[in-house]
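Asker: Listed here are the chains, written in short residue letters.
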Amino acid sequence: MKKESANAAVIKRLRKNKTAMFGLFIFTLLALSAIFAPLLSPYGYATLDMKHAFQGPSAAHWFGTDDLGRDIFTRILYGGRYSLTIGIISVSFALVVGVVIGTIAGYFGGRADNLIMRFLDIFQSIPGLILTIAISAALGSGFDKTILALSISRIPSFARVLRASIMRVREQEYLEAAESIRCGKFRIIMKYVLPNSLAPLIVEATMGVANTVLTAASLSYIGLGVQPPTPEWGAMLSGAKGYIRDYSYMLTFPGLFIAITVLCLNMLGDGLRDALDPRLKN
Amino acid sequence: MTKYILKRLLWMVPVILGVTVVIFFIMHFVPGDPAVIILGTEASQAELQAKREQLGLAQPFVIQLGNYMKQVFLHFDFGNSYITNNSITKELLGRLPRTALVGFISIVLMLLVGIPLGITAAVHQNGLGDRICMVIALIGVSVPSFWLGLLLVITFSLRLGWLPASGIGGLQYYVLPCIASAFGGIAGLARQSRSSMLEVIRSDYVVTARAKGLSERKVIYGHALPNALIPIITVAGSHLAHIFGGSVVIENVFSIPGIGSYMVQAVNNRDYTVVTGSVIFLAVVFSLVMLLVDVVYAFVDPRIKAQYTSGSRKKKGAGT
Chain L
44 MKKESANAAV IKRLRKNKTA MFGLFIFTLL ALSAIFAPLL SPYGYATLDM
94 KHAFQGPSAA HWFGTDDLGR DIFTRILYGG RYSLTIGIIS VSFALVVGVV
144 IGTIAGYFGG RADNLIMRFL DIFQSIPGLI LTIAISAALG SGFDKTILAL
194 SISRIPSFAR VLRASIMRVR EQEYLEAAES IRCGKFRIIM KYVLPNSLAP
244 LIVEATMGVA NTVLTAASLS YIGLGVQPPT PEWGAMLSGA KGYIRDYSYM
294 LTFPGLFIAI TVLCLNMLGD GLRDALDPRL KN
Chain U
3 MTKYILKRLL WMVPVILGVT VVIFFIMHFV PGDPAVIILG TEASQAELQA
53 KREQLGLAQP FVIQLGNYMK QVFLHFDFGN SYITNNSITK ELLGRLPRTA
103 LVGFISIVLM LLVGIPLGIT AAVHQNGLGD RICMVIALIG VSVPSFWLGL
153 LLVITFSLRL GWLPASGIGG LQYYVLPCIA SAFGGIAGLA RQSRSSMLEV
203 IRSDYVVTAR AKGLSERKVI YGHALPNALI PIITVAGSHL AHIFGGSVVI
253 ENVFSIPGIG SYMVQAVNNR DYTVVTGSVI FLAVVFSLVM LLVDVVYAFV
303 DPRIKAQYTS GSRKKKGAGT
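First to last, the protein sequences are chains L and U. With the first sequence counted from 1, adding 43 to any position gets you this note's numbering. With the second sequence counted from 1, adding 2 to any position gets you this note's numbering.
Read the hints as simulated data drawn from the structure, not as lab findings. Keep in mind that a hint or two might mislead.
Straight-line alpha carbon distances no greater than 20 angstroms define the calculated SDA-like cross-link-like pairs of lysine to any residue that follow [said to hold, decoys possible]:
{"hint": "1", "chain 1": "L", "residue 1": "K61", "chain 2": "U", "residue 2": "K214"}
{"hint": "2", "chain 1": "L", "residue 1": "K228", "chain 2": "L", "residue 2": "I147"}
{"hint": "3", "chain 1": "L", "residue 1": "K284", "chain 2": "U", "residue 2": "P259"}
{"hint": "4", "chain 1": "U", "residue 1": "K9", "chain 2": "U", "residue 2": "V295"}
{"hint": "5", "chain 1": "U", "residue 1": "K214", "chain 2": "U", "residue 2": "L227"}
{"hint": "6", "chain 1": "L", "residue 1": "K61", "chain 2": "U", "residue 2": "R133"}
{"hint": "7", "chain 1": "L", "residue 1": "K61", "chain 2": "U", "residue 2": "Q127"}
{"hint": "8", "chain 1": "L", "residue 1": "K188", "chain 2": "U", "residue 2": "P33"}
These numbers come from a predicted model, not from an experiment.
All chains, please: the whole structure from these sequences, using the hints.
Answerer: Okay, structure coming up:
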């Protein structure tokens, strides 16, 4: 019962936070427009129309057309499917693995913890983007491989955050109580440890989606990751960089959508953090 | 303190060895045969086999790894590029100053602009300036650095013609790359500085400091800031990682022949000895910088210092 009310209080605080709700609203809008892209635009995302190439923004083409006459607005809508999916799936995958590793390290401690943490130290001494590039160099480019590369490099930070939070929970009396009545380890973890230590991880994951969207775009921009002609936002920027001198609008809009997506997620993440830890807010 | 630094420095050794093993392992499973990359698809089987022997690729993985480690850590030699056959160590050292310059200026900008901005915002909490700063900072952490770089090029190079768009040369070539690479860090640090200042500013000792009639300046910089600095340094560390990683993309945007662009070029050419070498090299430099951060951390956080003066065992905090 108590857990329910605590969660309800968090949601209530979150709903009062206008910035977070605004972020969530825009993010939902972006996701919906990616899902319903075919209904929102009369053009196909891969339809070539050389007669209308390089047209600036107009009533017919809101964001203009690219070097092959493809409608940029349409491509951005469809591109949202790739960028958002990459962000959400790779964070979810990293979360699952991160939770397992973090729980083992944080709850069982001792030698396992030491081993895991030293191993994570190794991964964390390589800057995130560099590690992602190395992994995706090994895996090759493409949508699914990019997701895998991005999620592998995000696992260490998730595991660390959860471990730290579990170590705080481990000292609590209710765990001692559960252990003293010989409650199974797995049950203790699932029922008492995880629900009480997930909060920082939820915030980290929300920000993680934002960061992954950024990293994925950077990867595609430098020619790794998702490849053109796939309308992923970073790949669109990569394809447009040759036209920066004369057709700079081609570079403006995809980047703007990356920024808006990340901004929404950051707003939501900020709100979640404040809602989960009201002490920080005033 | 010296003991702490020495310990951290020693700890770097297994970490770097670990990085080498991990990266070598990852690169070992890259699809494609280096012999084919070097000789082309036209080469005969015998020629390919001879090349593999020469590169030591016919040996088992562990032996290859051992040889590579020996070469890297005893002779400081990352081997030669598959494509150009140039020494990778030489190339990396030749490119380091450019990458380091952008990195260094970005870090300095981040610290010198981000922290004071956050403090000022916190002191004038909820004022107009604070609100504007925080909106800009929120946008700042959300904008991709390479896209910001492109926008800067469009505005300041192509439209206004004030600064060069790409390449290297005088310091003016580094203005836009440094701004693009530092902006996210400045914004992130401003946000963190503001929130940790706000937490500290309400504490009793700050009230006491005010009550005993200290000037506002002394209260903020003498009493509040030192205590607010600890989380700020943690966040600064994570932004350092971003600046390091971001150098790859920034160098690509501004066509700076640094280590990042060397690495990306190598990935695209499937020149994997170069990729392995660059990643290890960057990890070493990055670890050294992070060591510096940890030392600063120890200076600021008396708890860490106390651990070492009392001679107790090193135990890293759970919060990292």
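Asker: For every hint, state whether the structure bears it out.
Answerer: Comparing the hints with the structure gives:
1. This hinted pair does not check out: K61/L and K214/U have alpha carbons roughly 39 angstroms apart, beyond 20 angstroms.
2. For the given pair, K228/L sits about 11 angstroms from I147/L by alpha-carbon distance, which is consistent with the 20 angstroms threshold.
3. Taken as a hint, the K284/L and P259/U pair is honoured in the structure, with Cα atoms around 18 angstroms apart against an allowance of 20 angstroms.
4. Between K9/U and V295/U the CA atoms are separated by roughly 14 angstroms; this keeps the pair inside 20 angstroms, and the hint holds.
5. The straight-line distance between the Cα atoms of K214/U and L227/U is roughly 18 angstroms, inside the 20 angstroms bound, and the hint therefore holds.
6. Between the alpha carbons of K61/L and R133/U the distance comes to roughly 15 angstroms, so the proposed pair stays at or under 20 angstroms and holds.
7. Distance restraint check for K61/L and Q127/U: the Cα-Cα separation of roughly 18 angstroms lies within the 20 angstroms cut-off, and the hinted pair is therefore satisfied.
8. Restraint check for K188/L and P33/U: the C-alpha separation of about 13 angstroms stays at or below 20 angstroms, so the hint holds.
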